[in-house]
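Construct the complete structure from the given sequences, taking the supplied hints into account.
Residue numbers (the working numbering), protein chains in the order written: chain A, 17 to 355; chain B, 17 to 355; chain C, 17 to 355.
Mixed in with the good hints, there may be bad ones.
What the hints assert, rightly or not - Calculated cross-link-like contacts (lysine-lysine; reagent style DSSO-like; alpha-carbon spacing at most 30 Å):
no., chain 1, residue 1, chain 2, residue 2
1, B, 303, C, 111
2, B, 136, B, 79
3, A, 303, B, 111
4, B, 79, A, 303
What the hints contain is simulated information worked out from the structure, not anything from laboratory work. A quick note: this is a predicted structure, and the numbers were derived from the prediction, not measured.
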Amino acid sequence: MFLRNFWYAAALRDEVGRQPLARTILGEPVLFYRKLDGSVAALEDRCSHRRVSLSKGRLVEDKVQCGYHGIMFDANGVCVSIPGQDTIPPQGHIKAFPVVERDGFVWIWPGDRAGAERGKLPDYSLCASPNYAGRTDRMRIDADYLLSIDNIMDLSHIAYVHQAYANDVAAAIRPTVKTDGATVTATRAMKDIENPPLYRRVIGTGHVDRVQELRFTPAGHLQLYVTIRGAGVDAPTLNVFYFSQLTPETARSHHTFFGVYRDFDIDNAEMTKLMGDQTVITVSEDKAVIEDQQRNWDQDGADRRMIDIAVDRGPLEARRLIRRLYEGERQDTAVAAAE
Amino acid sequence: MFLRNFWYAAALRDEVGRQPLARTILGEPVLFYRKLDGSVAALEDRCSHRRVSLSKGRLVEDKVQCGYHGIMFDANGVCVSIPGQDTIPPQGHIKAFPVVERDGFVWIWPGDRAGAERGKLPDYSLCASPNYAGRTDRMRIDADYLLSIDNIMDLSHIAYVHQAYANDVAAAIRPTVKTDGATVTATRAMKDIENPPLYRRVIGTGHVDRVQELRFTPAGHLQLYVTIRGAGVDAPTLNVFYFSQLTPETARSHHTFFGVYRDFDIDNAEMTKLMGDQTVITVSEDKAVIEDQQRNWDQDGADRRMIDIAVDRGPLEARRLIRRLYEGERQDTAVAAAE
Amino acid sequence: MFLRNFWYAAALRDEVGRQPLARTILGEPVLFYRKLDGSVAALEDRCSHRRVSLSKGRLVEDKVQCGYHGIMFDANGVCVSIPGQDTIPPQGHIKAFPVVERDGFVWIWPGDRAGAERGKLPDYSLCASPNYAGRTDRMRIDADYLLSIDNIMDLSHIAYVHQAYANDVAAAIRPTVKTDGATVTATRAMKDIENPPLYRRVIGTGHVDRVQELRFTPAGHLQLYVTIRGAGVDAPTLNVFYFSQLTPETARSHHTFFGVYRDFDIDNAEMTKLMGDQTVITVSEDKAVIEDQQRNWDQDGADRRMIDIAVDRGPLEARRLIRRLYEGERQDTAVAAAE
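Pasting the structure below:
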């Protein structure tokens, strides 16, 4: 159940250079490379002649040349030369994807080109803000991206999947979940709780008030804004921004781009490393659970008896929203086809 | 063609402890663990919530807690707590299997719970007898368990698959095969033959009389009672008990629990090791042949021309018995469904 | 799309000895071995009893004995003994394939036995000629053999796939392609060109005239005759013979037997090694491209938009010829079935 008319993170800025990068996005093989002016191109990773992967070819200035028979395509997918002949058949051109770079990410738009407006880019300006410090990483997860959404939208799993990191208090607190337009928000406020291990290293072992506001925005943006306030009038407030961006690879796998950014102690590289590494461990633990789940679902086939429980409210709202948008896209496609 | 209403060896005693053990039995994922009183529990290895493997969770006294959202099940599969809510839906419970421990094995009953009587347990008391010494091992074989039954029920294969261990005389002797109720017995008596290599180490190189009585009892018990008598009136008689218990894992794989026990020189640990190691080699040689056969059958598909030969009598009788019991179980299920 | 009524290279001479060799040819498992008189036998690699691979058995003089129950077959596939019984059922025999050895290759005929005439053997006498020196190698390629035919029949790929070896002039020259009976010939003549790197080592850096005559003969013979003449009246002429013989393994894989032989400097073992090693590199480079192509075709499924271009004339003629012969074989089979 892919939503196509959205911007998706396709790569971290540094992954794309003059060496062609092959990556499958929403089931489509895509080739990324950086043009001489520094901007990024994204093309269908198939030569129109015999479907060899263009990513195994080579760049010639801003063009990519197929490594098999030397056919050349420009950054718009236009076939500009075929060795051995002077004419280019119209079917020789390949698909180019709208692509932009912002906030450290390379963004791709797999849907109808007409809708690819820059204004629809999701906001990750905190990742590029001078007031925040942090790190972004990437991982592949061998499971439907919806399982990752289920995972993150229910923070109660933290107490069990991430035991070392969790505190028992949080597990017992039911979040307030509400859907507002195309955003599902789950909020948990914890008053006068023991400071969880990670923050202890930052603001000591005293009790704190903590608010977690988790926002899901299609397709695949999970943003967790955490506010920790020491339990006292003059206590400092810390802001931490966690996120996972899920980009489907196939129906059974997805890329996740995830990071943690903070607005305190921002010159402390060791703290950046500590929190970044901790987040990699967290995502790895989630990955293990989700991949087990996917294997079980595949293995058990249609016989998948399941129950919903109270903590599923967030995940279920998110799935409802995705389903609604998906039906909308299908309808749009049907209308477009009828016109 | 699984027979469900039988006890199956699921694990060796020492495999089951306070660390959850995951094992697939007759196509079903099962979780085994030992309760605080030392008895064994066997549960469906799926959380009723999102089908994560419970074996990846943790034990809390006699309960198992899912590692994803903390849902807890007791040793009877009853869902006893769901974090974040007070009620337990009836669909929240999971399947528990009848399970007992005897003669060094953990036995599971995958069929109708009503029939799981202790009296139906197969007899492996020799493995626990103070008059016998020996060892049991376990192996996975990537083939239908019926191919292992074919293999063992025709001892003529020994001369070819286990050349180092075999003697040529035996290969030429056709066994007497008879089916009596739910047991197929194949007997070969050899008079005044050269002592096969293994026993030479025990009772010298002289000629011996040897009787092999091989019994197949569903589902999957192959017991070989060997009697070796030195060729003379006062010659000693040695008894050796070989067995393989086959427990289907999937339609294309099975577990085998096998061992060799003897009633002579029982304090000789070196002899136990020697005969145990020899049996591991033997089963490994069989595994290689059977897995080749399974690969060929899979690859050749429906086009599987085959002939039956004289030595197949034992295997064919065993397959006939299994087929009869299988049809019986299907009929019982149909009757139960109709009632 | 296998053509069955043709001789195929199945093995290099030295691959077949007294150790059974298993190889899949046109989807059929075949066992090769050398008889005591030095001639080669090729049998269906399945025991007629339980379909175990005979190649895992052992040779007894000119017979092969199944490693499972000792059933024995002669070099004609006749079942000559079944331990434990005196009679041999007619279904006990297995298929034997016509097989001959010539020019360093073991040739098999997978089709109707009646047509397996020695006169139809392809001509690789240059490989055995005292006037030529060279080397033959073997490789497995995980792709339909037709993709290798496409690859070789269009020599324009050399400039891109084998850059180190290629010269730019050649890429621009369109070959003359003609089909004559059951042979497609593609000829490229290059006048007064820079000597390509490989030959430079042999006849210096001066300009040369070069003629490449590439012949495709079903099923799977690609023979490239290269003539290099120094640009002058008295300049010497070098002859180089490259070939690839493609033998389908499955619908998605094939064996290639390839080599390079020359008529100059034939006592120079270092030159033989140099040219042989270069050819191995060349075929490895082709293998990488073709396997990428096969993976893409498999992954993209039916949605395989492709265009034909000018340089495809050779490949397309070759495919047309194969298609015609294939339809002929199907018709013959239908007629034979109707008679």
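Verification of the hints:
With a C-alpha separation of about 27 Å, the suggested pairing of residue 303(B) with residue 111(C) holds against the 30 Å cut-off. Under the criterion of a C-alpha separation no larger than 30 Å, the hint pairing residue 136(B) with residue 79(B) is consistent with the structure, at around 28 Å. Only pairs whose Cα atoms come within 30 Å are accepted, and residue 303(A) paired with residue 111(B) is accepted, the gap being roughly 27 Å. Taken as a hint, the residue 79(B) and residue 303(A) pair is honoured in the structure, with Cα atoms around 25 Å apart against an allowance of 30 Å.
Against the hints set out earlier in the document, no violation occurs for any number.
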